[in-house]
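Trainee: Here the protein sequences come in this chain order: U and Y.
Following numbering that gives the first Met the number 0, the numbering of the first sequence begins with 0 at its first residue and continues without gaps.
Following numbering that gives the first Met the number 0, the numbering of the second sequence begins with 0 at its first residue and continues without gaps.
Everything labelled a hint here was simulated from the structure, so no lab data went into it.
Where a beta carbon is used, it is the ideal one built from N, C-alpha and C, also for glycine.
Please note: incorrect hints may appear among the correct ones.
Which chain U residues face chain Y? A few, computed with CB under 7 Å, are given here [as the list claims (entries may be wrong)]:
| # | residue |
| --- | --- |
| 1 | R212 |
| 2 | G259 |
| 3 | A264 |
| 4 | W313 |
Calculated pairs, DSSO-like style, for lysine-lysine (alpha carbon to alpha carbon, straight line, at most 27 Å) [claimed, not checked]:
| # | chain 1 | residue 1 | chain 2 | residue 2 |
| --- | --- | --- | --- | --- |
| 5 | Y | K244 | U | K232 |
| 6 | Y | K387 | U | K312 |
| 7 | Y | K463 | U | K232 |
| 8 | Y | K463 | Y | K478 |
| 9 | Y | K153 | U | K232 |
| 10 | U | K119 | Y | K387 |
| 11 | U | K196 | U | K166 |
| 12 | U | K304 | U | K277 |
| 13 | U | K100 | U | K312 |
| 14 | U | K196 | Y | K478 |
| 15 | U | K277 | U | K88 |
| 16 | U | K119 | Y | K244 |
| 17 | Y | K387 | U | K304 |
| 18 | U | K119 | Y | K323 |
| 19 | Y | K323 | U | K196 |
| 20 | U | K271 | Y | K463 |
| 21 | Y | K387 | U | K166 |
| 22 | U | K232 | Y | K266 |
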Amino acid sequence: MGVWGRYRLRLRRKRLRFRAFRRRRELSVVVNRTKEIGRSDILVFAVLRNERVRLPYFLRYYRDLGVNRFLIVENGSDDGSREYLAEQKDVSLWTTSASYKGSRYGVDWVNWLLMRYGHKHWTLTVDVDEFFIYPFCDTRPIRALTDWLDTYALRAFPAMVLDMYPKGSIEATQYREGQNPFEIANYFDSGNYMISKNPTFRNLWIQGGPRARMMFADNPQEAPSLNKIPLVKWHRSYCFASSTHMLLPRGLNAVYDEWGGERPAGCLLHAKFLSTLKSKVDEEMVRKQHFAGSREYLAYAETLKDDPDLWCKWSEKYINWRQLEILGLMSKGNWA
Amino acid sequence: MTVGFIMMCHTALDRAAQVARFWSVAGCPVVIHVDRRVPRHEFREFVQALADLENVSFSRRYACEWGTWSLVAATQTAAMQMLMQHRNVRHVYLASGSCLPLRPTNELVDYLNERPNTDFVESVTTADVTWTVGGIDYERFTLRFPFSWRRQRKLFDTYVRLQRRFRVNRKIPNGIVPHLGSQWWCLTRQTLSAILEDKDRAKYDSYFRRVWIPDESYFQTLARLYSTNIESRSLTLSKFDFQGKPHTFYDDHLQLLRRSDCFVARKIWPHADRLFEAFLAPPETQAARAEPNPGKIDRLFAKAVERRKRGRPGLYMQSRFPVKDHENGKTCAPYSVFHGFSDLFENFDGWLARSVGGRVHGHIFGPDGVEFAGDETIFNGALICSAKLRDHNPRSFLTNLIWNTRGERQCFQFSPRDNQECNWFMATDPNAQISVVSGTWAVPLLRSNLNFSEIRKEAARLQKLETEHLEILRTMYVKARVRIWTMAEFIENPMEPLQTIIDEIRPRSSRQPAEVPKLVDLTGFGQFLQNMKNQGMQPMLMGDFAVGLDPRPPLPEQNRPYLVR
Numbered sequence: 000m001g002v003w004g005r006y007r008l009r010l011r012r013k014r015l016r017f018r019a020f021r022r023r024r025e026l027s028v029v030v031n032r033t034k035e036i037g038r039s040d041i042l043v044f045a046v047l048r049n050e051r052v053r054l055p056y057f058l059r060y061y062r063d064l065g066v067n068r069f070l071i072v073e074n075g076s077d078d079g080s081r082e083y084l085a086e087q088k089d090v091s092l093w094t095t096s097a098s099y100k101g102s103r104y105g106v107d108w109v110n111w112l113l114m115r116y117g118h119k120h121w122t123l124t125v126d127v128d129e130f131f132i133y134p135f136c137d138t139r140p141i142r143a144l145t146d147w148l149d150t151y152a153l154r155a156f157p158a159m160v161l162d163m164y165p166k167g168s169i170e171a172t173q174y175r176e177g178q179n180p181f182e183i184a185n186y187f188d189s190g191n192y193m194i195s196k197n198p199t200f201r202n203l204w205i206q207g208g209p210r211a212r213m214m215f216a217d218n219p220q221e222a223p224s225l226n227k228i229p230l231v232k233w234h235r236s237y238c239f240a241s242s243t244h245m246l247l248p249r250g251l252n253a254v255y256d257e258w259g260g261e262r263p264a265g266c267l268l269h270a271k272f273l274s275t276l277k278s279k280v281d282e283e284m285v286r287k288q289h290f291a292g293s294r295e296y297l298a299y300a301e302t303l304k305d306d307p308d309l310w311c312k313w314s315e316k317y318i319n320w321r322q323l324e325i326l327g328l329m330s331k332g333n334w335a
Numbered sequence: 000m001t002v003g004f005i006m007m008c009h010t011a012l013d014r015a016a017q018v019a020r021f022w023s024v025a026g027c028p029v030v031i032h033v034d035r036r037v038p039r040h041e042f043r044e045f046v047q048a049l050a051d052l053e054n055v056s057f058s059r060r061y062a063c064e065w066g067t068w069s070l071v072a073a074t075q076t077a078a079m080q081m082l083m084q085h086r087n088v089r090h091v092y093l094a095s096g097s098c099l100p101l102r103p104t105n106e107l108v109d110y111l112n113e114r115p116n117t118d119f120v121e122s123v124t125t126a127d128v129t130w131t132v133g134g135i136d137y138e139r140f141t142l143r144f145p146f147s148w149r150r151q152r153k154l155f156d157t158y159v160r161l162q163r164r165f166r167v168n169r170k171i172p173n174g175i176v177p178h179l180g181s182q183w184w185c186l187t188r189q190t191l192s193a194i195l196e197d198k199d200r201a202k203y204d205s206y207f208r209r210v211w212i213p214d215e216s217y218f219q220t221l222a223r224l225y226s227t228n229i230e231s232r233s234l235t236l237s238k239f240d241f242q243g244k245p246h247t248f249y250d251d252h253l254q255l256l257r258r259s260d261c262f263v264a265r266k267i268w269p270h271a272d273r274l275f276e277a278f279l280a281p282p283e284t285q286a287a288r289a290e291p292n293p294g295k296i297d298r299l300f301a302k303a304v305e306r307r308k309r310g311r312p313g314l315y316m317q318s319r320f321p322v323k324d325h326e327n328g329k330t331c332a333p334y335s336v337f338h339g340f341s342d343l344f345e346n347f348d349g350w351l352a353r354s355v356g357g358r359v360h361g362h363i364f365g366p367d368g369v370e371f372a373g374d375e376t377i378f379n380g381a382l383i384c385s386a387k388l389r390d391h392n393p394r395s396f397l398t399n400l401i402w403n404t405r406g407e408r409q410c411f412q413f414s415p416r417d418n419q420e421c422n423w424f425m426a427t428d429p430n431a432q433i434s435v436v437s438g439t440w441a442v443p444l445l446r447s448n449l450n451f452s453e454i455r456k457e458a459a460r461l462q463k464l465e466t467e468h469l470e471i472l473r474t475m476y477v478k479a480r481v482r483i484w485t486m487a488e489f490i491e492n493p494m495e496p497l498q499t500i501i502d503e504i505r506p507r508s509s510r511q512p513a514e515v516p517k518l519v520d521l522t523g524f525g526q527f528l529q530n531m532k533n534q535g536m537q538p539m540l541m542g543d544f545a546v547g548l549d550p551r552p553p554l555p556e557q558n559r560p561y562l563v564r
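Please put together the full structure from these sequences, using the hints given.
Mentor: As structure tokens, this is what we get:
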């Protein structure tokens, strides 16, 4: 890419940041505990809508990893999510009834919060149904990882989305509040991921898994992207360009090795395919607030009609991160 | 006689205090150097925390920067203080604030008492060192390095280049021989005081002040002048990775560290509570020690570096996506491609599966879908048979297939009708065994129920595709094991080439193919080719077939060709 191309990316980054800056007006504070953020705290950022039933486990999971603070944007919930979050001592909460689509699927809001509160912190930007795992996550807290990344001056850490699903009908087992979703959805696809490189942003574009296999086999171009970079040592000049798939400046997207070696990488276990999906899809079909004309949700609705079984005989049952590393879905890199 | 510890601290002072207390309580004097950039209140707290211990003292503080003289200056000052204040110290042990003693202090004291005149300092001449960072090894001693590598990288690099250009060659004073080694040493009072009280010390100091990373060479070099007995190894366990950064130890390394033969480990993650708890417990409460097995630690870290530098061959993933020709294994295991065989023999995959074992697929790049072995619709790793999904990224499909079936050889059929996108990839892959019978794509056309004009068009298309593929397979870039026969050549004696291929797949199998694969009925093939020629198309790839003389399967007595094994 020439000077002009790079300059255009710079302009794009400035535009995205300005956009995020303007959208800050859409957010109104419910509880702001950001004053309590310590200098070395690890922060989780999330945007959500009507996720009350998932919240207790979500918060517990990340607290157990050693995350200190949550900064959450709540987008027009009516199921008590807001009240529940406002009570949590480590959550700062903003609310908005503005359009999710209008804020580029929540990215503008998150970019603003990151710019304002994330500067010089390790930040983890996830959805409420994404659970971050990394090498040694069962024996080392997340701070061990961020400290290690700091010694190598690495600013970003990749984690591919791994769609988890139950065996049998999604509706069969009801998800209960506080339950570990992977007690129900404990299967995943181990080796059908397609990777190519995006030359403009330098990120890898990964597709595959059960969604590509079951819902987008005839239209693979539109299968959802699974590459994500959720853990970033934030600087106020950064921004997410498209969800957490791509960052600007684009050097942050180069989280992979190109000369044959392996860099460390984690996974985001994605607990989407639970009993909660159906009502979510019905709601989204009316709201039409999701990416690319909600084509993903259209596909879900189409598939869910027949009460599908995402499980197949080659589905792998989830055990732990070591299993994922052996399968080649994540890597320890040179972290030992 | 005892050992005195010098601790160089700059972060995690609470942990450093714990360690200092551990040594001090065991009767070993400790001199602590704290980086001057540590804020005053933190320093004061640190001093306070150790105030009750009378054999712990603090030395003059320097602002230490990695790779510069300040580290040596700080060490010198602390060492002087140690030697002056504590007469009963025979060995001085240099440790850092992120070190952790792995064995009770009395074991170390006993060990050193048994070796009263031995200096433990890793000290190697530059010619023998392979681990230096940045490609500067001997030049450390012949160039000047006034700029910080961390903060002033550009200036640093420019100045190095400039000096190289003007052939700067510093004179090494008094003909000392530069040695390098780990900066964590344990020297005897004799050696250390000889270094510090040398009449030429000013000369050496001013020389080393401009040497690159002098803390890895100052004591290592000068100890050679005075020591009577150097054991060139460090008593501190410290593992460096390929970027010259020390590996960190965490709670889950506890069992490994118990089996180390070193006395001190570095560096420990400050929040590794279990490690500090276990190793700083009073000696009598510590668990019994296992037999030392330092090889285990070495292997662990060597593997980590290997994984970071070379990775797992044939793996493509979110953090390993090698550019072309740097794959270190384009695929992870050998596989066989049979180009054109399935058109020539009836049920060729069935026969092959019986002859070689392994997994024999049909046309996995077939236009109508992926033909997995056994007509499966879904295969290892949840690959599915959809052609559209496969064609979205054929290369990922192939590498996934080979990766998912590690440990089992994959064979598959190929033809010019299939997706051709991976041709270059397979041709340049040393794991591929590609066997080609060219021109057999015409056989299905012979039996097809199409108008002749359509047949002609299709034949022309397939011939073009196969020619292109063959061109690839004949370039100089080929890394695969390639064999090419024309159809005419092949059917004269099919068993011999087949046997060769099978032997290569299964080198030690004594199994002869139980039967001969059945050739398809080729009646009228010669005439068919002639018809195409008559229509103005030149079928070239199948070799020479005479009109009317139909190729025949080999006679029964030729079933088992005599092969010299």
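Trainee: All hints, please: hold or fail.
Mentor: Here is how each hint holds up against the structure:
1. R212: 5 Å, holds
2. G259: Constraint on U:G259 satisfied, holds at 4 Å.
3. A264: 4 Å, holds
4. W313: 5 Å, holds
5. Y:K244 with U:K232: 20 Å, holds
6. Y:K387 with U:K312: Answer holds: Y:K387 to U:K312 is near 22 Å, not above 27 Å.
7. Y:K463 with U:K232: 53 Å, violated
8. Y:K463 with Y:K478: This hinted pair holds, its Cα atoms lying about 23 Å apart.
9. Y:K153 with U:K232: Status holds; Cα separation ~24 Å.
10. U:K119 with Y:K387: The hint is violated at about 45 Å.
11. U:K196 with U:K166: Distance of about 33 Å is beyond 27 Å: violated.
12. U:K304 with U:K277: 9 Å, holds
13. U:K100 with U:K312: Judged against 27 Å, a Cα distance of about 38 Å means the pair is violated.
14. U:K196 with Y:K478: 25 Å, holds
15. U:K277 with U:K88: 31 Å, violated
16. U:K119 with Y:K244: 23 Å, holds
17. Y:K387 with U:K304: Status holds; Cα separation ~23 Å.
18. U:K119 with Y:K323: 36 Å, violated
19. Y:K323 with U:K196: 12 Å, holds
20. U:K271 with Y:K463: 48 Å, violated
21. Y:K387 with U:K166: This hinted pair holds, its Cα atoms lying about 26 Å apart.
22. U:K232 with Y:K266: Measuring from Cα to Cα gives roughly 23 Å; hence the hint holds.
When held up to the earlier numbered hints, the structure conflicts with 7, 10, 11, 13, 15, 18, 20 and fits the remainder.
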